[in-house]
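Q: Now for the letters of each chain:
Number of protein chains: 2
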Amino acid sequence: MANITKKVSWSSRADESGATGEGTPLLNGSEQPRHSRQLSEGRSIFQIGRLSTVDLEEEITSEEDSLRGRPKEIPHNEKLLSLKFESLDYDNIENQLFLEEERRMSYMGFRCLEISRWVVCGLIGFLTGLIACFIDIAVEELAGFKYQVVKENIEKFTEVGGLSISLILWAVLNSAIVMIGAIIVAFFEPIAAGSGIPQIKCYLNGVKIPRVVRLKTLVVKVCGVICSVVGGLAVGKEGPMIHSGAVVAAGVSQGRSTSLKRDFKIFEYFRRDTEKRDFVSAGAAAGVSAAFGAPVGGVLFSLEEGASFWNQMLTWRIFFASMISTFTLNFFLSIYHNKTGDLSSPGLINFGRFESDSVAYNLYEIPLFIAMGAIGGLLGALFNVLNYWLTIFRIRYVHRPCLQVMEAMLVAAVTATVSFTMIYFSNDCQPLGPEHTEEYPLQLFCADGEYNSMATAFFNTPERSVRSLFHNQPDTYNPLTLGLFTLTYFFLACWTYGLAVSAGVFIPSLLIGAAWGRLFGRLLAAITSSGSIWADPGKYALIGAAAQLGGIVRMTLSLTVIMVEATGNVTYGLPIMLVLMTAKIVGDYFVEGLYDIHIKLQSVPFLHWEAPATSHWLTAREVMSSPVTCLNRIEKVGTIVDTLSNTSTNHNGFPVVVQVTGSDEPAKLCGLILRSQLIVLLKHKVFVELARSRLTQRKLQLKDFRDAYPRFPPIQSIHVSQDERECMMDLTEFMNATPYTVPQETSLPRVFKLFRALGLRHLVVVDDENRVVGLVTRKDLARYHLGKHGLEELQLAQT
Amino acid sequence: MANITKKVSWSSRADESGATGEGTPLLNGSEQPRHSRQLSEGRSIFQIGRLSTVDLEEEITSEEDSLRGRPKEIPHNEKLLSLKFESLDYDNIENQLFLEEERRMSYMGFRCLEISRWVVCGLIGFLTGLIACFIDIAVEELAGFKYQVVKENIEKFTEVGGLSISLILWAVLNSAIVMIGAIIVAFFEPIAAGSGIPQIKCYLNGVKIPRVVRLKTLVVKVCGVICSVVGGLAVGKEGPMIHSGAVVAAGVSQGRSTSLKRDFKIFEYFRRDTEKRDFVSAGAAAGVSAAFGAPVGGVLFSLEEGASFWNQMLTWRIFFASMISTFTLNFFLSIYHNKTGDLSSPGLINFGRFESDSVAYNLYEIPLFIAMGAIGGLLGALFNVLNYWLTIFRIRYVHRPCLQVMEAMLVAAVTATVSFTMIYFSNDCQPLGPEHTEEYPLQLFCADGEYNSMATAFFNTPERSVRSLFHNQPDTYNPLTLGLFTLTYFFLACWTYGLAVSAGVFIPSLLIGAAWGRLFGRLLAAITSSGSIWADPGKYALIGAAAQLGGIVRMTLSLTVIMVEATGNVTYGLPIMLVLMTAKIVGDYFVEGLYDIHIKLQSVPFLHWEAPATSHWLTAREVMSSPVTCLNRIEKVGTIVDTLSNTSTNHNGFPVVVQVTGSDEPAKLCGLILRSQLIVLLKHKVFVELARSRLTQRKLQLKDFRDAYPRFPPIQSIHVSQDERECMMDLTEFMNATPYTVPQETSLPRVFKLFRALGLRHLVVVDDENRVVGLVTRKDLARYHLGKHGLEELQLAQT
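Just so you know, the sequences run in chain order L and B. Quick note on numbering: the first sequence equals residues 1 to 799 in the UniProt record's numbering. Quick note on numbering: the second sequence equals residues 1 to 799 in the UniProt record's numbering.
Treat the hints as calculated values from the structure; they're not laboratory data. Among the clues, some could well be false.
All copies of an identical chain are treated as equivalent in the list; a pair is satisfied when it fits inside any one copy or across any two copies.
Pairs of lysine-lysine, DSBU-like flavour, derived with a Cα cap of 35 angstroms [as the list claims (entries may be wrong)]:
#1 LYS668 - LYS636
#2 LYS265 - LYS216
#3 LYS699 - LYS79
#4 LYS668 - LYS79
#5 LYS208 - LYS636
#6 LYS146 - LYS683
#7 LYS265 - LYS788
#8 LYS788 - LYS703
#9 LYS216 - LYS636
#10 LYS146 - LYS156
#11 LYS668 - LYS208
Extracted from the complex, chain L is given alone in its bound form:
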């Protein structure tokens, strides 16, 4: 058997293709010249700045410190693609071991698996609901306590003067609470910062973001979000729920916790990327569902962000997890609110009831809604641009954990101060209604029986403020209050997003939008002979909220459904959709959505839905990485170890080739094997000694691979002796014998579609003799994107 590692060195690319031309004349030779000229031109254009295009391992290098944000390691250039991110493998590795297991399994076995999938989804929903419930109750109790203390203090000092003491108390309280949240995030788990939605988007897209679905991340996230919301920052607790649900799902579905070192020996079948992804989708959906009381919206969110292949049973399971999650949350909250068993109240944020009769809309309001959508798009784009600059600044200068904590504290103090100032100088007094909708009405300098209206917006959890803006009586806020509130909250929210605290941007966006939407409604009512029913400010507040949120996050279908479910009124579907659509179109004209900006700033190789429209002139030949390191089917252990240890070309997938003994024909592709598999093989010393003493290779089970999943050790940790290096390794059983292949002439959109629809990680490019000529990876495809001046190519960097 031939046991030479075949390395098609690309420095001899021209030679090789020349040789091909001679040895086995190309069959469609007549066209070859034109083609290759065209292609080599394409290549020369695109080779500028391309460092290396192989799929890199990052865990080995610098997992720990790359996350803490040392300045040189975080790229601050969105024209760069990082090589540090590994990909996930959403295509089953159909090797002999796998096929044998599947063939052994009876029909009943598959039924049991299916049932356990449902059980896992039920558990995911239940636990996610519990977590949401815990966050909600903790925030309610702690925030209630805080506002009570501050309110009493303010009331005390309103009479005697010296309200500055109240201000200091408020600011110090906020800063202290936020400090706790910032410390655990910045020092213990930086990945828990922010809403987690960009990270989950990347995970579902197929990019392995390190540590994103670990138990520690969950704990930090939950505690962090409680601190941020209680600390009075301009944040919401909804975004983090999505991340929390995903972590729960990744944990439960694996039947073990690597962090706690407990293996329950269940659900072992699910220990691979394909299955885990499905559960993480369910978890994310359960999170959305718990956050907004929107089970359908949750499913759509998961699908919109993640699933490329729609599967009826999978979707149905995801929906089940979502339903259980809302249900659990509602049930426990109903106990908490002393209405045990009343399951009709929705998720964490509740927009309250919109009665269709009172706020029906009319045909001639549609243009107004569209105009509001445009405003939302503009304001959203402004928000995103400001936040983009801020993030660049943070990446450059605020990268040390202690600086991050201090910035968070500063923001908390400023938020309290600004709020206090606004309340102090506001003279918008409103009569205290009989229904007491305000939880903490501040009288301040108002007459008895009245309360300060500005305080309703600022001196409250953001969720309550949103609800007041939607439902309070038309004349609750005067226009000045609304305008000032919009302005200050806009900048506060923009400053807050991206801090090293765990917090979401949904609620602040809604709040900003609701404020200017209400203002819009009031102005409209004033213009058109005030008092006309159709210019109900609550309705305009809702539309404004949708417009602002849409302008910032640019989600489409799922956001429409989430909004509709949160309002509990199907009637608003069309206006909300039109508004979101307008906001997206207007916003996209200027800048991308907030999540996409942050994904780009992390240089994540994110694959969009389709290849760029104008990329048909690119083919697999230009896109693929080469040279490709190939392995023989029966390969020397030393060669494998050397290949894996080569840090300069840290490949993750290796085509396996086979060469006929004694023949000088080039080797043909016969399979594909992953680095992780080779590592497991090396760890278990699955060698064949040539000196016949240990001829039989140790039999490896799928279980060995599953036990090692997902944290495969680095090659450096595996010791291979000099004797062992001389042994051979038979890869036949372990390699995927039927990898997907494409010919070199395949157009980029076609390659892209194959990649995206099947969730591939590696795609082998072969010539017409079935010889390996290249390998397409996620990064090779993610490099091409549509810029302002047509197709652009991103550079790859080892950041």
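The hints should help you fit chain B onto chain L, whose structure is shown.
A: Chain B in isolation, oriented as in the chain L frame:
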């Protein structure tokens, strides 16, 4: 140049593989023996009863009469797969012409295309909404007129005796109206019978059901459904809306009407299966949306039934079409109801308002709901089994159009008679409330100020009856009325579905379920000290309706969302979901869903979501069809004509191979060409004469292919002279140069996934030298399914 048609004849399969073994020794030769033994065993088992596995053309043979239902041509065996159905090609044919066009197109060109897609979707939504509006108003007016006439007649004869005359009047009126509907369906367009949902499911799945998206079908469908509903059959007008929407979409998106022979020369880019499918999805969604006022449900319906590849922009466009459709319907209905501009009223069927306060559910009701789901599943299975037998009977004995019309008239008369009898013998009198919710209250033998309660259910359009069952006061119906109504309506509906009239099964199912659900609720209230708020009969009617509908059609996510949207109350999400899930599980234990039964009875090669669970031991080698008729890249016209004319092996896709001149190496795969493309080439005489007089091949444009789409002429209609037969044809420009291929060892689930995810029609199986060994088509995959005793193989038949 080699110009021999390469026909790998399978009688020489053994020889050939032997030759392969000699000529170019297989590289993984060591394993070959075990493999091939295993495989040949598999093959021998599976070859029983397999007639031929090639993708057949049906338009040529018997499109006209196969539809009219001659007994021998309609299979009545669900263990058979018909070969008469062509497949659709949801994978772009990336030939040189296509790529050149795409490469020529600028970024602005793609933007314009995108905008026109949106415009088309808007148009689809608008027209679908208009059609729904037309149907609704026509039904309202005509049914109102009919019931008024009958009511006056009954009132006249109640006093003087001789109600039998009223009965006759009623029965004759119904029969006459139904006769019109049945005649147009049975004689003019049989494909318009039924709800059309199975047909649209098949279309979106990738099966070309002849004539299903034609204008004539739409006209017949619309008129037919009006007649059926006005004729008092136990049917609904909702199912046909989905079909109507799909036809509108298929028409609008092509920018021309083949039936009307009008070509508007617009949207020419969309004239291919891929694009058309997307629009048909949007049309189906718009139909659902108009029918139930459920835009999100519509999108989910389309996705659940059709889309295998989820694309954000596509989904968003589908949603847009749905929204526009509901909006249009609401707007025009608001004008019709003299409430112009009030857009808050939902679709065709309106479940009325469920106030959360009055009908909130509680934790301990969940088991009751699940029990109701089980009942729904049982009753649904019974319904389906009865209808299955009835359909078999109809296929065998009621296949002539005139018989079909007579059966429809009989059912109409029986329906009227049964209704009349039930009303006549019912003594359930209820006081006429002040709000007059009944449109046509019949006093009959009741006291003054009272009305006959049975008449509310029977003497009304089914939509109104559903609403009364949901919302009337708890004591409106007595239990006997409800029980009898359930019983009679169950059998009537079961008899009606499958008649040669165009009508849906949604509303009758809802009605049956609502009746027994209400009965359930009343009994429950009676058991648990009557008057307790939680056993509100309306709530149980809703749950019963969901259970019954779920038990019959077995839809999951989309049905949940449709029900939730139609009730306009998100709170019911969880119970409805649990009920539908239970109904599906219980029902699936006995028999498949109604639509699937009808699809199977038509022997349609329908692909499910995933390959059967236990099919991992099958590989492409066993599944593929062979021999494969291959063509040379430069082929003799005569050979092509002969190949296409061969009626015994009516292939639709041909791998194109290339052989090196003078070499004896076997030919390698270099492309794939479709029958339809060859037909166009022959029609345009794109020949190269060898005698150099006409050396240059006529240049063909993509436009020529688009103009011929989708009704390509049969080969028989193309005259090729003897001289021309000697010419050559260069396929290089027209073939898809990069078809997807798999090696022979690929497992069935892997092949299936590739097929399903990419919407393929042909998949070429190659050996490791890139030579064609087989072709996998939709029918090859659809043959395998899970039966009671594990994996079963369906037979293929030329029915």
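Q: If you check each hint against the structure, which ones fail?
A: Violated hints: 3, 4, 6, 9; rest satisfied.
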